[in-house]
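Protein chains in written order, with our numbering: chain A, 393 to 874; chain B, 349 to 806.
By construction, these hints were calculated from the structure, which means they are not laboratory data. A hint or two may mislead.
[What the hints assert, rightly or not] Subject to a maximum C-alpha distance of 25 Å in a straight line, what follows is the list of computed SDA-like cross-link-like pairs (lysine to any residue):
#, chain 1, residue 1, chain 2, residue 2
1, A, LYS554, B, GLY398
2, A, LYS566, B, TYR440
3, A, LYS660, B, GLY357
4, A, LYS566, B, GLY357
5, B, LYS350, A, THR652
6, A, LYS649, B, GLU413
7, A, LYS564, B, GLU370
If you're wondering where the values come from, they're calculated on a predicted model, not measured in any experiment.
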Amino acid sequence: MNFQIIFRFTGILIFFLGVAMAPPLGVSFLYKDNCAKSLLLSMAITCFSGALLFVFTKKQKDKQLNHRDGVAIVTLGWLMAGVVGALPYLFSGTIPDFTNACFEAISGFTTTGASVITDIESLPEGILLWRSLTQWLGGMGIIVLSIAILPFLGIGGMQLYKAEIPSPVVDKLKPRISETARVLWKIYLLITLLQVALLLAGGMNLFDSFNHAFCTMPTGGFSTKNTSLAHYNSAYFDFVIVIFMILAGINFSLHYKLLTGDLKIFGKDSECRVFLIIVGVFILLVTLDIYGELYSSLFQAFRYAAFQVSSIITTTGFVSADYEKWPHFSQLILLTCMFLGAMAGSTGGGIKTVRVILMVKHSYQQIFRIIHPHAVTTVKLGGQAVSEDVLSSIWGFFFLYMGLFVIAFLAMASLGLDYISAISSVAATIGNIGPGLGIVGPARNYLEIPTAGKWVLNACMLLGRLEIYTVIVLLAPEYWRK
Amino acid sequence: MKIIIVGAGEVGFHIAQRLSEENQDVVLIDQNPEQIKRVADNLDVQAFLGSGTSPRILKDTGIGEADMLLATTDSDEVNLISCLIAKNLNPYLIKVARLRNEEYVNELPLILDKDHLGIDHVINPQSEMVRSIRRLMEIPGAAEVIDFVEGRVKLIGVLVDKKSPFAGRKLLSFTKAEGDILVGAIIRTRPNLPGQVIIPHGNDSILADDLVYLVARRQELDQTLALFGIKEKSLRRVIIIGAGQTGQALARVMDRARIGTKIIEKDEALCAQLSAGLSNVIVINGDGTDKELLEEEHIGNADFLVAITGDEESNILISLLAKGLGTRKTITRVSKLSYLPLMSAIGIDTVVSPRLAAVRAILQYIRPGKILSVAPLKGEHAEAIEAEALETSDIVNKPLHKIKIPKGVIIGAIFRENEIIIPRGDTVIIPGDRLIIFALQQMLPKLEKLLTVKLEYF
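Starting from the given sequences, assemble the full structure and let the hints guide the process.
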């Protein structure tokens with residue numbers, strides 16, 4: 393453990409977050425929304441404390457960041473992001489309570505999109521933009537952003553990158569990690585701007601277009617409207633957002649390959665194929681389920697089904713219809729989507745498609761071995777053999793995910809939540825989705841959850857965003873042993 | 349520069365590490381998932397799992413925009429085919445292949461033929477090692493010998509003895525009467541600061557047990573060594589332990605040079621085969637770690653013992669054994685770089701490493717432009733670079749003190765018309781001079797930057 397390095401880097405991160413408060417501050421001046429003072433104060437405090445950490449730690453010349461330090465920096469960095477991200481809410485008085493403000497900030501950075509604010513439309517513009525910006529920064533990852541900007545990290549950057557994006561299949565797009573991070577952020581920015589343009593073309597105002605794009609690409613799900621996308625009740629916006637949610641749920645290295653000329657990559661990549669098939673099948677099932685009594689036209693049924701399935705499976709969490717009123721079959725499909733999640737290497741959360749595919753294949757391999765006890769088989773993904781190490785790490789992940797889910801929902805139930813609210817609130821936060829069912833359903837929010845429950849869910853959001861291992865390794869006594 | 353390296357074995361891994369630390373874009377290909385994992389965990393390079401001979405994998409690595417391909421696997425054939433396919437995918441690529449089989453190395457024109465394989469450069473670690481062992485035998489007092497300016501200038505590594513008149517003194521205090529001593533780099537080997545590399549200035553001092561790198565003309569080598577209290581003795585008896593590829597090659601060189609040499613090898617069949625090809629060298633079948641055998645062959649009288657079996661731990665023990673029995677000097681083959689800093693502490697004086705030899709040879713080739721020679725110094729944290737000063741560069745025709753040279757870099761020597769000049773503040777470099785520059789590894793990008801603009805080397 394090298395505390396000097398850990399605090400030094402966390403200091404840099406905090407400073408960055410302070411700098412990121414500049415755009416909301418600018419907007420606040422522009423709209424004269426009376427929160428410029430509180431944003432300026434938050435920015436000053438954040439930058440100052442970041443700089444303080446940096447100045448008071450010594451530069452470690454010959455020591456390289458190792459994997460242990462990387463894990464600590466990433467977890468600590470995300471925790472601190474939750475705290476400093478809460479400052480604008482606290483100072484502006486929009487969310488006066490510390491727990492609630494932290495919940496909103498963590499929900500933002502982890503791209504969950506669970507909110508404690510009831511009347512969103514009454515918020516000042518500066519705060520609204522900060523809320524969306526936390527999602528946009530958290531989506532591609534604050535650490536990845538700093539790796540892209542800071543050239544001096546080198547191999548240390550690798551350790552951080554792996555801790556923040558612990559995908560089971562490592563995919564480095566460029567020889568250097570900083571270059572890879574830059575490419576990812578460029579693609580992310582490009583797709584975001586494209587979405588802004590399309591939303592503008594449909595008649596959404598500039599401010600709302602940016603906010604919604606900032607919350608779609610990271611699969612976040614904050615909206616500037618109380619009723620989320622249902623506010624507009626526009627098929628055009630719904631479908632634009634469906635397309636961009638699915639794009640956000642696809643591995644960004646595939647976007648890179650698409651942009652560098654491989655036009656058929658979405659069909660070629662086996663994980664992407666399965667992901668798109670799952671989305672398609674679920675949309676079909678939900679469409680058939682809700683067509684008839686609820687929605688008389690097939691187009692209406694398809695529109696709401698497509699929106700809600702894509703929104704939940706990519707872990708975005710936008711809402712265009714009150715799915716609490718849907719039949720239980722559709723609701724359970726949505727609950728299933730919460731667990732499945734998007735592709736690895738995307739901005740989405742959940743268990744991730746690649747893990748599901750590999751677990752299914754591995755399970756089938758076990759069945760196959762019962763039939764042919766002497767058969768030699770390998771689990772393959774896209775024609776490449778997958779090693780036993782990767783498989784056991786995936787099963788470990790699955791166990792931890794489900795184990796933590798059970799512990800957390802028991803905790804929520806002990807705080808007095810009904811079982812569907814307890815289950816769905818935990819599933820929706822550990823999978824970084826946002827709205828769940830019951831008291832945290834699409835038409836309501838997380839305000840009613842008791843304080844202790846909010847901290848349980850905060851932990852769930854961080855665990856989910858950093859894919860469990862990165863956070864949980866810090867709790868292992870072995871980690872602290874010299 | 350984008351460089352593709354085929355093979356993440358010892359040589360490939362190491363070169364990748366060096367190059368990525370120097371901010372080059374490095375892509376590594378290896379078939380072994382374990383190696384790929386090791387690379388991905390430790391280096392900031394892009395790693396591909398697959399065969400370096402697969403056109404698909406090579407295309408995936410973005411060979412189209414690559415500048416160089418280094419084929420460093422253990423298999424000569426894989427290296428050759430990889431270069432051949434790479435040539436077809438990108439005709440402008442510079443291809444460097446590591447080849448071990450002498451059948452290939454002896455037919456270089458065939459390999460280098462532009463119309464066929466079109467390999468630009470062949471690296472043969474074995475022959476590099478044999479050459480460096482030969483150089484060490486020529487100058488027995490030195491721990492390391494590196495040739496510059498076609499061998500007319502030598503860079504020698506010398507261990508400073510406690511009794512040496514220079515031990516414990518600052519470089520500034522050396523007087524003209526003691527002779528011109530040019531110290532380019534100092535490596536501390538004391539147990540409390542192992543492997544610390546210093547690119548010295550006048551205020552730095554030489555301590556006992558340091559490894560000091562000196563620049564000297566070939567003719568003045570004896571005098572310089574004498575200053576350090578090292579007396580030359582003629583080379584008469586050599587014992588080689590281990591008849592692997594390097595051992596055999598070395599034996600053949602010694603055979604031709606008619607130096608009394610014995611080679612000890614465990615494998616009886618190999619011994620028989622070897623003795624058929626040698627006329628002067630005595631081939632002995634036996635275990636090199638066997639003390640009785642060594643005594644029987646009068647190891648105590650040997651001028652040199654070269655321990656180059658495939659097992660490096662045995663090599664170390666054999667050398668220690670030989671030292672104990674009175675051998676004047678030992679040369680030990682050690683591949684693991686992590687062992688190098690420990691060697692002088694346990695009393696092993698001279699170490700050769702195939703990995704270091706290959707890395708050195710490849711790095712020398714990679715430095716583009718007017719860099720003539722590159723030598724990583726022991727422990728690898730510093731390099732000696734030989735470069736030619738160009739007419740157009742900024743460092744010529746003005747006194748050195750007016751040039752901003754980064755810390756950790758010194759111009760160690762200027763070689764002009766068969767004369768070595770030790771540069772001082774008022775020395776003026778003129779175009780055509782050969783410069784020998786010492787630089788710490790982390791200063792290389794800065795040095796390159798300095799040289800890019802001003803020297804047009806890069």
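Hey, LYS350 (chain B) versus THR652 (chain A), does the alpha-carbon distance stay inside 25 Å?
holds (18 Å)
Hey, LYS566 (chain A) versus GLY357 (chain B), does the alpha-carbon distance stay inside 25 Å?
holds (21 Å)
Next pair to validate is LYS649 (chain A) with GLU413 (chain B); report whether the Cα-Cα distance is within 25 Å.
OK: LYS649 (chain A) and GLU413 (chain B) at ~16 Å, within 25 Å.
Going straight from one Cα to the other, do LYS566 (chain A) and TYR440 (chain B) come out at no more than 25 Å?
holds (21 Å)
If you draw a straight line from the CA of LYS554 (chain A) to the CA of GLY398 (chain B), is it 25 Å or shorter?
It holds: about 22 Å lies between the C-alpha atoms, which stays within 25 Å.
Does the structure keep LYS564 (chain A) and GLU370 (chain B) at a Cα separation of 25 Å or less?
Holds. LYS564 (chain A) to GLU370 (chain B) sits at ~19 Å (cutoff 25 Å).
LYS660 (chain A) and GLY357 (chain B) were given as a pair; does the straight-line alpha-carbon distance stay at or below 25 Å?
violated (32 Å)
Checked against the numbered hints above, the structure breaks only hint 3 and satisfies the rest.
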